[in-house]
Amino acid sequence: MMYISERFNNWLLQKAWRLHPHQIEMLETSQRPAQLLIAPTGAGKTLAGFLPSLCELETTSGNGLHTLYISPLKALAADIKRNLMLPIGELGLQVGVEDRTGDTSSHVKRRQRAAPPDILLTTPESLAILTSYEDAPRIFAGLQRVIVDEIHALYESKRGDQLMLALSRILGLVPDLRRVGLSATVENPKAIANFLTAGSKICPIHTADTGPPPNIKMLDVLENLPWSGAGGRYAIKNVLDQVNKHKTTLIFHNTRAQAEIFFHHLWLANEEALPIALHHGSLDKQQRHRVESAMIQGQLRAVVCTGSLDLGIDWGDVDLVVQIGAPKNVKRLVQRIGRANHRYNAPSKAIIVPANRFETVECVAALEAVHENDLDGEPKGPGPLDVLCQHILLVACSGPFHPDTLFQEVCSTGSYDTLTRKDFDECLEFCTNGGYALRQYDRWQRLILHPDGRYALRDPRSALRIRLNVGTIQDTDTLKVRLQKQKGGKPLGEIEEGFAATLTRGDTFLIGGEVVRFESLREMTVEVSRRPDKQPKIATFMGTKFTTSTLLCDRILARFAQKNWTGLPTETIKWLELQSSVSRLPMPDSLLLETFPRQNRHHLCIYGFVGRNAQQTLGLLITKQLEKRNLGPLGFVATDYATLIWALDPIDDPKSLFALDDLEHGLEHWLSENAFMKRSFKSVATISGLIERNMPGQRKSGRQATFSSDIIYETLRKYDPDHLMMRVTKTEAMTGLVDFARIRKMLLSVGDNIEHKRLRCLSPLSAPLFLEAGRVPVEGQAVDRLIEQEAEALMSEAGST
Amino acid sequence: MEGYQFTLAGTSLTALGSGALFWPEKRLLCVSDLHLGKADRMMRRGGPMLPPYEVRDTLMRLEADIFSSQAEIIVCLGDSFDDLQAEKSLRNEELLWITRLQAGRSWIWIEGNHDPGPIDMGGTHLQILPIPPLSFRHIPSLGESGEIAGHFHPKVQLKLQGRFISKPCFLLDSDRLVLPAYGTFTGGLKTQSVELSSLMGLEALAILTGKQVDAVPMPRL
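Keeping their order, the protein sequence lines are chains Z and A. The first sequence begins at 1 in the numbering used here and counts up by one. The second sequence begins at 1 in the numbering used here and counts up by one.
It is worth saying that the hints were derived from the structure and are not from the lab. Hints may be right or wrong, so weigh each one.
[Claimed, not checked] Keeping only pairs whose Cα atoms sit at most 27 angstroms apart, straight-line, the calculated DSS-like set for lysine-lysine is: (1) Z:Lys718 <-> A:Lys26; (2) Z:Lys678 <-> Z:Lys563; (3) Z:Lys624 <-> A:Lys211; (4) Z:Lys15 <-> Z:Lys109; (5) A:Lys211 <-> Z:Lys678; (6) A:Lys88 <-> Z:Lys678; (7) A:Lys211 <-> Z:Lys628; (8) Z:Lys217 <-> A:Lys190; (9) Z:Lys678 <-> A:Lys167; (10) Z:Lys480 <-> A:Lys167; (11) A:Lys211 <-> Z:Lys480; (12) A:Lys167 <-> Z:Lys718.
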């Protein structure tokens, strides 16, 4: 083999390993300025990334930093270190590998700056800080390669933009730096390559063989599927059977609360006491580590988990993946499926469990998309300005800079290649004096302009504060949960502060699969006691709520249009047929509205198919309009597909409610006083350095921060509504929680094609909306039975036999 | 004046929704913890650059209270300035604004822990203001009665029909009244804190600020 030395060849022979074609290609093109590898999980992506570095380091180690590895997960950096040390040891190489994350001690960090290892494994936040030191030129001198792992995940978040900005700094110092991106299977590899190299055509894209198609199906026991809900509890026995039949099973859920509830009931039904564990982002770190290592050692038969296991670590012998609830997004489903059978070239085995009747349609549509390899993805917007503000401050920490040079450097990244000078200058001004219409801080500017045209920190000591504040992921303010009794009781995990605040002594909730009783809130810790005998009263958690992707919504509508029922259970088909005879099925490029009376209320059902966030926003905007028309709207509920509104008076002309101009106008009005805006503002203000996250020596308590960010928001709204922060906040909310962009797109493609069905009673498709809880439902058999009875009654009312 | 009326040491007083206290008999208006110049002080110390509108926002609300109550005596109950230098950072029009409000009224600055010393500004500077049967001071002292104080920025948290609400509040027991912070850039201390739970008697009420001024038993530790 041409590209590797004798020593490597012997090592491979000894292990009886043969390099995959994509690993060889990565070696062949390793001297190119950039490379991108697209490979499914288990295809030896990491080795493909590191092999060229190891080959080069065989002869050149010990000369400072050679390779920088960046991962979105701290845990992944630590894991990769273990995985790298093995071949390095076996090969007898003298290569130093160290990780540097938020968990690394300041002593080690100092030493790393003085004497960098050959290979440094880090995260975007830690890298951003590393570039902000005055001695950055010395640290990065001689750097040869940078490997960005899981770049598809970074691409979709602000952390990716932050990373590209940090890399632009390093490229300024070492222009010959070679960039390597490692990505899971994505719909648009070119977009990722452009992101890595800012559109220069220097980046060969290698695609690994995707292996045999996955063996994936919907759970076939689908009698008595519930009408609503998202937990999939009805399938617990079937899931247990499957766990029994397989070596190791991963059971994915879409939210942490659902994972908790499912885990709890799984154990109640787990008569054989199969070793099954729970893993999600709100659990205590040590507990997660215990689960991970038990998993690697093959001690577990199953893990109930959430997105916390979407990325990273190789999971040994997983031979089955179960997805509970509609997958919402095809790409994520594919990545989750890839968790099974980590041996390359063996088909992954997966089962999807729809949580309710409508989800069978989404599951079938998703399965079809997986087989056709049709992946969803929204085009990435321009790099956000709050991240740019943070970057400007970090650059200032490293020393004086010239704005023209910095502007050019920023524009050379894949995230900010369309940035205007006007926006850049506004960000610079924000960093310099706050950018307020009222010039107040002339004496206390953060940056001062030198006569030579360069900007510098007024007070060099402020660099410490700026570095402490770095980060683009907004942590929700969380409180640790501990068992009471002994001093420093066992930590169980974390809950959202807002949730903790609603608890009163005696309330029971689920965490880490245990029912605990709230005892007291002491400083930043929630003290609880174990109460296994009790039913948990409450279960809410933070964590992302996924919204169904445009691709999946379109596929569902297309199936409706073709009356394509293949793969659907008979019950679902009957239900859809009934809908189509009583009313109509929703269709592509049209908007179906239904109005009907029920129990002294008048209802409007909007089948927008624009995802939960946007359907929620539609509910808010349309009820405002109804308010204006004095129709007495009483409330609404939203799912990923539809919004149901109820009012005191009949809604006779619902079509006229959907004029885009009116909705946009209403949005302006409503947005400014909205809680979503305040939440977005908090995140934007923290990233851009308007609010400090960490103070040297003390952590600001979450409650105080919440309070003051709302006050700052209100103050700006009152006195400086056009301030940069307000502008960024609005942009953010429009695509994120408010997601008006999707409503606009839908209304534009629908045009006049709005169909209003006036019904005498509710329609089959609207029936489940009456059962939708709006939040994860509270536990209890009685509730389930009531819902079930109610469902039957609703259905017979709708004409079902 | 609308608000919550109560008696302390036999004196009729009104807690206003704005967070100010009115004593009708003396035409006295009392506000606590204005923290004027807070944004500037944070910036001066290398902290974040908060929007510089906090002084005018606080003064605007104070002016409205003075006009509508037609108060003749104004008592600022300490921590009126975020530190002794903050006063110098006030803009000219803001200083003039304060002077305008002072004209024709007697104005008392009580010292607080943030502004422990004379400020270069009109009005009387005192550590304690006794107007029997009441006495005004910044930090409450145990064992006193008929005391009007501030310092703690009390706020109350209530669960209302599943919704969680947090508001600055007055705290009232048979011995004293603690005022909420009046300044725009101020946070709050929960009534369940050790400090407030041990300070206030078991019968204490929390009087909520806001459009409708209601009292509830003070939630405690």
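Results of checking the hints against the structure:
1. Z:Lys718 <-> A:Lys26: 35 angstroms, violated
2. Z:Lys678 <-> Z:Lys563: 44 angstroms, violated
3. Z:Lys624 <-> A:Lys211: Given that 27 angstroms is the threshold and the Cα spacing comes to 23 angstroms, the pair holds.
4. Z:Lys15 <-> Z:Lys109: 36 angstroms, violated
5. A:Lys211 <-> Z:Lys678: With Cα atoms ~21 angstroms apart, Lys211 (chain A) and Lys678 (chain Z) stay inside 27 angstroms; holds.
6. A:Lys88 <-> Z:Lys678: 32 angstroms, violated
7. A:Lys211 <-> Z:Lys628: 24 angstroms, holds
8. Z:Lys217 <-> A:Lys190: 53 angstroms, violated
9. Z:Lys678 <-> A:Lys167: Given that 27 angstroms is the threshold and the Cα spacing comes to 17 angstroms, the pair holds.
10. Z:Lys480 <-> A:Lys167: 25 angstroms, holds
11. A:Lys211 <-> Z:Lys480: 36 angstroms, violated
12. A:Lys167 <-> Z:Lys718: 20 angstroms, holds
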